[in-house]
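Chains as they are written, first to last, in the working numbering: chain S, 1 to 805; chain V, 806 to 991; chain Y, 992 to 1090; chain A, 1091 to 1603.
Because the hints were derived from the structure by calculation, they are not lab data.
The beta carbon of each residue, even a glycine, is placed where N, CA and C say it ideally should be.
A few of these clues could be false.
Below, a list of computed lysine-lysine pairs in the DSSO-like style, where the Cα atoms sit at most 27 Å apart [stated by the list, open to error]:
no. : chain 1 : residue 1 : chain 2 : residue 2
1   : S       : K495      : S       : K426
2   : S       : K224      : S       : K495
3   : S       : K224      : A       : K1452
4   : S       : K33       : A       : K1255
5   : S       : K755      : A       : K1461
6   : Y       : K1016     : V       : K938
7   : A       : K1255     : A       : K1472
8   : S       : K491      : S       : K426
9   : A       : K1255     : S       : K277
10  : Y       : K1016     : V       : K953
11  : A       : K1255     : S       : K755
12  : S       : K277      : S       : K422
13  : S       : K483      : S       : K422
14  : A       : K1472     : S       : K277
15  : S       : K328      : S       : K33
16  : S       : K495      : S       : K483
17  : A       : K1461     : S       : K277
18  : S       : K495      : S       : K422
19  : S       : K277      : S       : K328
To list a few chain V residues with every Cβ distance to chain Y over 10 Å, as calculated [to be verified]:
no. : residue
20  : A851
21  : L859
22  : P949
23  : T950
24  : V968
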Amino acid sequence: MFAAEEVSWLFRNVWLIPALPALSFVLILFFGKRLPFKGAEIGIASVVVAFSLAVLTTFAWIGNIQSAESHSEEAIFLEGPDGEQTPIVLTAEEAGEARGAPIITEVEWFSIGPDANKVILGTEGNSDAGHDEDGHSDDEDEDGHSDDEDAGHDDDEEEGAGFGGDDNVVDVAFAEDGGTVAEAHGDRFSISIGTLVDGQSVMMLFVVTFISLLVHVYSTDYVKGDRRFTHYFAFLSLFTSAMLFMVLSTSTMQLIVGWELVGVCSFALIGHWWEEKANSDAALKAFLTNRVGDIGLLIGMSILYFAAGRTFSIPRINELAVNGTIPKGTLTIAAVCLMAAVMSKSGQFILHTWLPDAMAGPTPVSALIHAATMVVAGVYMIGRLYPVFFIGFGIAGSSINLMAFIGGLTTVGGGALAFVQKDIKKVLAYSTVSQLGYMVLALGMGAYTAGMFHLFTHAFFKACLFLGAGSVSHACHHSFDMKADMGGLRKYMPKTFWTFMIGSGALAGIPPLAGFWSKDEILVGAGVWPNTGGNGTYYLPFVFGMITAAMTAAYMARTIWLTFFGEYRGHDEPHESGARITTPLIILAGMAVVVGFLNMPSGFVKFFGAPEGLAHRFEDWVEPAGVSTFVTSDNGFTHAKPSLSLAIVATLLALTAGGAVVAYYRALYAKDSKATEYTDGVMSRIPGLRAGHKFLEEKYYLDHLYTGAIAGGTKGPLARATDWFNQNVLDGIVNGVGKLSVGLGNFIYNIIDQKAIDGVVNGSGNSASGAGQFLRGMQTGQVRQYATLMFGATAVVAAIFIFAV
Amino acid sequence: MMALLAQQTEAVIETAWIPNAFFFVIAAVMVLAALKMVSTKNVVHAALYLLIVLSGVAAVYIFLGAEFAAATQILVYLGAIMVLLLFGVMLTRAKLGAETDLDHDQRWIGALVGASLLAVMSYSLWDAFGGDKLPADPTPQDAPTGVKNTQLVADEIFSTYLVSFEVLSVLLLAALIGAVVVARRD
Amino acid sequence: MFLNQFLLLAAVLFCIGVYGVLVRKNGVLVLMSIELILNAVNINLVAFSAFNQNIDGQVFALFIIAVAAAEVGVGLAIVLLIYRNRRSIDVAEANLLKG
Amino acid sequence: MQSFLENWGITAMVFAPLVGALIMMLIPEREEGTHKLIALVSTVVAGGLGALLMLDFDYAKAGEMQFGRDMRWIEIINARYAVGLDGMSLPLVALTLFVVPLVIIYSWDHIPSPGNAKAFLMLILVLHTGMIGTFVARDLVLFFVFFEVVLLPMYFMIGVWGGEKRLYASIKFFLFTLFGSAFMLVAFLALYNLTGGESFNIERLAELVQSEGLSTRTQVLLFGGMFLGFGIKVPMFPFHTWLPDAHTQAPTQGSVILAAVLLKLGTYGFIRIAIPILPEGAVEWAPWIGLLAVIGIIYGALGCLAQTDMKRLIAFSSVAHMGYVMLGIATLTDFGINAAIFGMVAHGLITGLLFFLAGSIKERYHTLEIKRLGGLLVQAPKMGWVLGITTMASLGLPGLAGFWGEFPAILASYNPAPGLNQTVFRVYMVVAAIGTVLAAAYLLWLLQRTAFGTPSEEFIDDPEITDMQWNEWVAWVPMLIMVIVLGFLPGLLFDISNDKVSALGEIFQALGN
């Protein structure tokens, strides 16, 4: 597809993709207000260029994979135009293994540790034996090291392994091939910054730039006239840049930096309308909850740093995790710590509570940050360091593990909460929580591709839904209340309605929309349905997955019903949104239809007589390969076989659930289609003394009981309980901890700091002052008296010295 | 060497009883004059008693072989400082006759302090330099023969202590200006 | 001659000077007593100079004489100033340092 | 020129501000403009000399003393006038040279009551000399002299130009620091005598301690003395109580200098003097230092949460932040100490900036009560932005300078130097990591209450509340740029300090094996 030089150039200069929005951020900040479109044009232009580059990179990557698959014997990448610079040398021994090997371009960021100069001198002329093995194949030589020095470089890191402390000692077997390095203690621990191009990062590049572009366009209409329009676009650019920076991380250090930067952009954008305290509260909640998870991130990355022999390099850590150099116990601890970060960033139970509150931000921000991109950072990190999690949690052999359990809990709990929301964005937010749980669940079952594929498809249809919700709210005078201000919008805004329908269908897993393919793959990945193979025996996660499949369809049916069907309950005439809002919706809906076909099972392809080459494309393109990752069958990483019967069962389940909900609401609103007071479940109408009154008044009480018992029977108490738990217990703990720490702070400050410690200090001061008061009485101002005292004292002191000493 | 030195000093003692006697006479006069100075009721008398003490000090310098210091003592103290003090007495309109109110009430405290200081000092001096005798010739050993005390002092002042000397000049100048500024009637 | 005879003479003069400083009320008399003290110190310096056969002590004595001259000059000026302001040179009345 | 720079450059740099102060002494007080100009010129001269030195500095040999000067000084105790620059002192000298001119520029319109620009600026200049002198001194006596020179101007600055309780605060500051210095001096003298009374030179003493074979017990005792001296200056829990008072009462400029440079004298003392000279003592003390450091982190953060006064909150945050610096030092590893140096510089810039902001807010609102503030972003949006970026930097956001002092310190405590108890330090790591959450909590809370929301009734139409003025721009923007540049290119600093620090780190690697 591309000439090798172009491909090589693209992969080497992929840093441009995050750099452009970063530049745009600076430009908008300084000049945005003076421009005709208040800075929006710079943001859009930069994202357009970034997106184009991302598309080119994507095609280049696909071309790379395809040509590798065609088993061509020649080298895939040519050397750079000047012979000296050989930044991209595929580590491939065989073309087959080279498929999907990451392409790393790094420059040294900074280094800490004894100087390497003496070591480099020692290794002069040393062959680069072992160079190929350690995965650090590609190093951009910007600071003028020769190749030999680079070899020394890598070897140094291995030598550094000896440094790692008692229980994390990395096997120093590598050092053997380092030869001369051993005598000098060369430990230059350089921390690199760079870009890592492989299937996973390319996929994210595409998703982030694509959705960012659409959100930029959408926002020009949506936040039109906002007093901080310029700042808004500046932060959108910054966020895009930070997200791409994180996605391209070669080192965990870079990952942490990007991770925190997206967090702060999220903070700034949630609190975009910071005049209202509720918004800034939500922003604070988001940032602080993420900080809690960051404790795990910092600690986990520290553990990995030392366990891997003082390196932050992601491929290196993965490699050492796979080949067993890092002990399993260490990996487990690290994985548990990192899981905390995932829980906070990706909204997993029990740290998910910030995500629904984050809807306080502008809707396009919710679409971009809190649905499609930033919140999947946790999932992305699991994928990046998958060997660490895979081995650390023992995913290959167990029937349940921490990751799968958290994912399962989140997917069900989040879905249940979506039922009781009045706010359309909150429904989508809980749905996002639920779907993120789905991804984590997939990864927890070893279904790497399924998880990543769901991340991919979810980004499109969830962005579509959020933007659709924004469009609806735009029409309904900035209200998000489905019950009070919506209903019947189908007639007024057909474009929004249809795109929303497609998005919901994709989310609910209705074939042949995108969500169907990815969800199905996850269910298959559990490997408990007959003849699916896979990783083994994930019964409980499978149950979770099935429940969620049904719930998703149900709550989306409810949302659609309340929003688009029935009669309009708001005031004034709603109207369809403008082209800048609907066009992104249509594009996203289109993507929600087609992207699922990227990863069709081969059986399906055969069934329709399509060419075999179309099957599991996504898997081929995205799944990591090569030495530094760990595709081997002996660690249990095998792909499940798709099952037609499972697909049918799951689809029927979703349709049934959705249908039941629709039936329930039809019946409910049949009585008074304009009513804004209807509550959801049956049980919710029992509270207090009104229960008896209602029992008499409601003629169709039985009907209610039936429909309620079937459709919403469990969802009432269960969801309410979950909601209550969510609002009171979890939030209560968060608030309680906050209150407690303030109280503790008050206590410490008032009692200990002000009384005890200061007391000691003041006590000594007071005694000195008392002595001063006594002495003051002696200060008559008579020089004579002072002189008398002085001479007298001299005599006495001299006498003491003479007679006593 | 030490023995020789000791012998020499012995000899000096033997022959130098006449200056010694003079010393004790002068010392007695000085002490008496000093005591009168601090106890007299007439300010002008006190100044005259001080004159006696200062002259005695000059004499003591001669005993110690410091002719230049003695000369300076007479010139500066007797010539300059005494005149200054007498001017001070005049300018503050002290009576020429006896005054009643020159001392504080608690004279005994001052006496006690003075006496105790004296006791401590005498004891320690006696203890430290009990039998030490002065050398016959106080001129420095390394000084070239025939050089007189005054020349030695001059050499010292204008070589080793040149900086201090200059600083002292500045101090005097500053004191001069200061005195003028303070006493100026404005 | 013994060293001590000079030193003891100096000590006696010194203590008499101290007594004078402590007891006298008249500012001029206090200054005179201070002169006495300085002279006592000078005797010591010259005596040690002779004892150690070192000329430095004499040099110091000369310096002290010069400083004393300055001191008397400034001191008398101050006394005059006090007198002018208070019509009295009783040092007991000068108690601005009272705490 | 070159040889002048090599031989006398440091001396000229150290004393240039003092010369400025002496010149100012001769000029009558009423000519304020001249005073400001002289103060600025002399600090800029010092800064320029520093810049020339830094250009001339051989960064490939950052581990060695450069521009050294070793002259006779007080021969009777073998104290010498020995100065020099190396990778450890360079960042801190640069920080000082960078911050003080900005403080003077800020003072242009902001001489605190009761006025008297002459005395005020002279004190700053004397402080300047003392601070740079401390960082370049290679002789313990010289170090001590400079260390104490700093004390008095600060005392006067707080005592004369301070807030309501200035006397209490200044005395507390003075007493605390003097108390520590006394122990430190005793330790210095004891060290001198125990090593044969040969030299006060720091490098020489380190060699002598090894060759004389000072027992661990002795080293522990000597280290204890120095610990008190330096630890109080840092300040470490539980010796920190002078800090909030001093900071709250000090005038803005005093707070900035105090936070930006003065606190670093303590930490610098640890890594320059206490640890290299007494490595075995350091190993014994490290767990306790680490313990106090993490207590400080949590304690400082909790203290912050309880504050109602903005300046006092920032002051408490210093306790927490210096806790990270001390934790890094306590690990005795190259990573930790590098982080500590970075942390010192970063904290200097960030907290200095925060105090500047607090001062300017106080000037506009006449209060720092957090409850009464709010809506700064509405009334003074540019200032609100600066506050936002600074708080983000302070809470350790990657991409801004604060992060590189914090995370590497946490990282290093996972794997402290051999000979230190790993389990203990890992517990410290977890506690320190929890501290980052609390830090985010109080800083964001501060940001929310001051910058977000709408202005309260009493200030809504206050004409005094204006956006940033020219001297605020000039003073703050360079600091802000440094915060961002260092955030993205931490190598700028790490590469300077690394050589010297890793040489230090190797001592402990060798000691543990």
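- request: Below or equal to 27 Å on CA atoms is what counts here, so check K33 (chain S) against K1255 (chain A).
  value: It is violated: about 45 Å lies between the C-alpha atoms, which goes past 27 Å.
- request: Decide if the proposed pair is consistent with the structure: K277 (chain S) and K328 (chain S), CA atoms, cutoff 27 Å inclusive.
  value: 47 Å, violated
task: Check the non-interface label on V968 (chain V): least C-beta distance to chain Y beyond 10 Å or not.
output: The claim holds: V968 (chain V) sits with its nearest Cβ about 12 Å from chain Y, beyond 10 Å.
message: So if I understand the rule, the pair passes when the alpha-carbon distance is 27 Å or less; does K495 (chain S) with K483 (chain S) pass?
response: 21 Å, holds
task: Grab the minimum beta-carbon distance between A851 (chain V) and chain Y and tell me whether it stays above 10 Å.
output: Non-interface label on A851 (chain V) violated, nearest chain Y Cβ at 6 Å vs cutoff 10 Å.
- request: For the pair supplied as a hint, K328 (chain S) and K33 (chain S), confirm whether the alpha-carbon distance does not exceed 27 Å.
  value: Violated, at about 55 Å.
field: Straight-line alpha-carbon gap K1255 (chain A) to K277 (chain S), limit 27 Å
entry: Outside the cut-off at roughly 34 Å; violated.
field: Pair hint outcome, K491 (chain S) versus K426 (chain S) [Cα-Cα no greater than 27 Å]
entry: 24 Å, holds
query: Within 27 Å, alpha carbon to alpha carbon, are K483 (chain S) and K422 (chain S)?
result: 6 Å, holds
query: Holds or violated: is the Cβ of P949 (chain V) farther than 10 Å from all Cβ atoms of chain Y?
result: 13 Å, holds
message: So L859 (chain V) supposedly isn't at the interface. Is its beta-carbon more than 10 Å from every beta-carbon in chain Y?
response: 6 Å, violated
message: Please verify whether K755 (chain S) and K1461 (chain A) have alpha carbons no more than 27 Å apart.
response: With Cα atoms ~24 Å apart, K755 (chain S) and K1461 (chain A) stay inside 27 Å; holds.
Hint violations for this structure: numbers 3, 4, 6, 7, 9, 10, 15, 19, 20, 21, all remaining hints satisfied.
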